[in-house]
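Listed here are the chains, written in short residue letters.
2 protein chains.
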Amino acid sequence: MNDPIRIGIIGYGNLGRGVELSVAQNEDMRLCGVFTRRAPESLAILTPDVPVYHIDRLEEMTGDFDVMILCGGSATDLPLQTPRYAALYNVVDSFDTHAKIPAHFDAVDGAAKKGGKVAVISVGWDPGLFSINRLYGNAILPCGEDYTFWGKGVSQGHSDAIRRIEGVETAKQYTVPVQEAIESVRRGEAPALTTREKHKRECFVVAKEGADKERIREQIVTMPNYFADYDTTVHFIDRETFDKEHGGMAHGGFVIRSGRTGKNSETGHVIEYSLRLGSNPEFTASVLVAYARAAYKLSKEGQSGCKTAFDIAPAYLSPKSGVQLRKELL
Amino acid sequence: MNDPIRIGIIGYGNLGRGVELSVAQNEDMRLCGVFTRRAPESLAILTPDVPVYHIDRLEEMTGDFDVMILCGGSATDLPLQTPRYAALYNVVDSFDTHAKIPAHFDAVDGAAKKGGKVAVISVGWDPGLFSINRLYGNAILPCGEDYTFWGKGVSQGHSDAIRRIEGVETAKQYTVPVQEAIESVRRGEAPALTTREKHKRECFVVAKEGADKERIREQIVTMPNYFADYDTTVHFIDRETFDKEHGGMAHGGFVIRSGRTGKNSETGHVIEYSLRLGSNPEFTASVLVAYARAAYKLSKEGQSGCKTAFDIAPAYLSPKSGVQLRKELL
Chain A
212 MNDPIRIGII GYGNLGRGVE LSVAQNEDMR LCGVFTRRAP ESLAILTPDV
262 PVYHIDRLEE MTGDFDVMIL CGGSATDLPL QTPRYAALYN VVDSFDTHAK
312 IPAHFDAVDG AAKKGGKVAV ISVGWDPGLF SINRLYGNAI LPCGEDYTFW
362 GKGVSQGHSD AIRRIEGVET AKQYTVPVQE AIESVRRGEA PALTTREKHK
412 RECFVVAKEG ADKERIREQI VTMPNYFADY DTTVHFIDRE TFDKEHGGMA
462 HGGFVIRSGR TGKNSETGHV IEYSLRLGSN PEFTASVLVA YARAAYKLSK
512 EGQSGCKTAF DIAPAYLSPK SGVQLRKELL
Chain B
212 MNDPIRIGII GYGNLGRGVE LSVAQNEDMR LCGVFTRRAP ESLAILTPDV
262 PVYHIDRLEE MTGDFDVMIL CGGSATDLPL QTPRYAALYN VVDSFDTHAK
312 IPAHFDAVDG AAKKGGKVAV ISVGWDPGLF SINRLYGNAI LPCGEDYTFW
362 GKGVSQGHSD AIRRIEGVET AKQYTVPVQE AIESVRRGEA PALTTREKHK
412 RECFVVAKEG ADKERIREQI VTMPNYFADY DTTVHFIDRE TFDKEHGGMA
462 HGGFVIRSGR TGKNSETGHV IEYSLRLGSN PEFTASVLVA YARAAYKLSK
512 EGQSGCKTAF DIAPAYLSPK SGVQLRKELL
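Going line by line, the protein sequences match chains A and B.
Under my numbering, the letters of the first sequence match residues 212 to 541, in that order.
Under my numbering, the letters of the second sequence match residues 212 to 541, in that order.
Calculated from the structure, these hints are not laboratory results.
List time: in silico BS3-like cross-link candidates among lysine-lysine, alpha-carbon distance up to 30 Å:
no.: 1; chain 1: B; residue 1: K508; chain 2: A; residue 2: K311
no.: 2; chain 1: B; residue 1: K363; chain 2: A; residue 2: K363
no.: 3; chain 1: B; residue 1: K311; chain 2: A; residue 2: K531
If we strip away everything but chain A, and leave its shape as in the complex, we get (with noise of 0.2 Å):
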């Protein structure tokens, strides 16, 4: 048996929870420190004798780590953060603001290739594994259309949209696919699908006392971008309630190709990708591990540089031989 591979975790809130769940059932690996801009002592994690640092204490420690996973926001933590410490470790982040990933790239490739590192960004479930379902099927499939769906699920930016509302004291958006849509695309119907007729918005609201709650309501289903262009419902429950039922972390989607072959493209096929997650932070955890594997693999064969779920071979995450993996899996 190799020595475990040495995992490091840059940020202790739900998604660093989840690294920290999924190393342990990893074999291969083994959980060496966490790192936190709070006061080390006063963070508390779940498995006993592994040290929480600073984070300033990162530049000193890079002969003690073999991979450190990034699990701050993608707003303002990452597109500083990834940088910066992929000049020093090899690292894998799940950023996954879908505009900026170009200019992110650039970033972390030049200093993960002066650092001679190899720094893998932008997985988890999208980024990530419905990125590369959409790619097979395109390259399979090349005439054809795409598909995602996501949900159910909670989608922050929007939570966070309707909790800048006056008047409201917290709330949860949920994304919600329409059926009657995916149905006709998995018969291959290949509609044209308009934003609305895609998903629909569902909003459990607690507004503060004496709010006015027709005026919150307005506001939610108008704003543009968020709600504006699609169905979005509202509903307004006590704070009681909305403790009660409205803290998991359930969430999903699907990536759908659905393409045409033959001699005058008579033939229909469907690909579809699902996912269906008990916890969106756990299983996003989960794939950040799976390729802190293939990191540390392609920076043991010499490789640096920055990578996407694109540009990695699928049994670079696996812990067995191609030898195991042919006999196993294929």
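Please build the complex by placing chain B on the supplied structure of chain A, with the hints as guidance.
Just chain B, lined up with the frame of chain A:
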């Protein structure tokens, strides 16, 4: 625009015709020849102006093709052809006898390395896309169960087994997944399923005149390995109905990974990959063609030897650049 990838087809049955159709859908490729064991002049192919050669001419045309796609059968053609031609050309095959893949890999790897060529074996949907999904599912959710369901679709091997029974004129056998089993797996119940609980077998048989149908039925349903462990239904039909209703080549199936995360395995997740294929050979051909592109790119990079779908990063399958892929599909 780069020069198109020059593709050759070896073997012109259903699969070879599927490859021909698929190459026509891909702008970065051109079909440059079809090789056959038959008399070349007896073969009418679909694409105008593409030459048909006798298979014996392969030895002398190594400069004229970038990738050969082998479209023979796994029983007797590919075990000989793939190692032989992997020494001369970059090749792709759909070898699908799961138990013999390790030996096939070794034979092809030796030949391809000697010739400095890239050989991609066992691509299609199972082995192939289903294998990749088993691997990703296992790597991401190490604590879990795998489920593969096939169908509804024709099993060539089972149809052949029925046709060997005395008194049978012709027959088609459909493998049908048991819907209740799939639903239980989808709900995350991780059931332990017997062979009988996963698939049913449905047979459509044309009996010769005067044959004892009850004896044929009995011989089918009690046949070891093929039918004895399944709930099997046998329908006797006339030749006209057979020809009209059972010429289709639709197929499909499901790969499901059901796994758990959390401190006490309290969180369930289900990853499902499914295919609904209008034509098994046309879809398999489309997968072969995407991997032909990968073989070409890997060879251009100076790689050689045998690869499976496990060893090839998704980006190699696409005609798009890394920059385009990150922008459009990530």
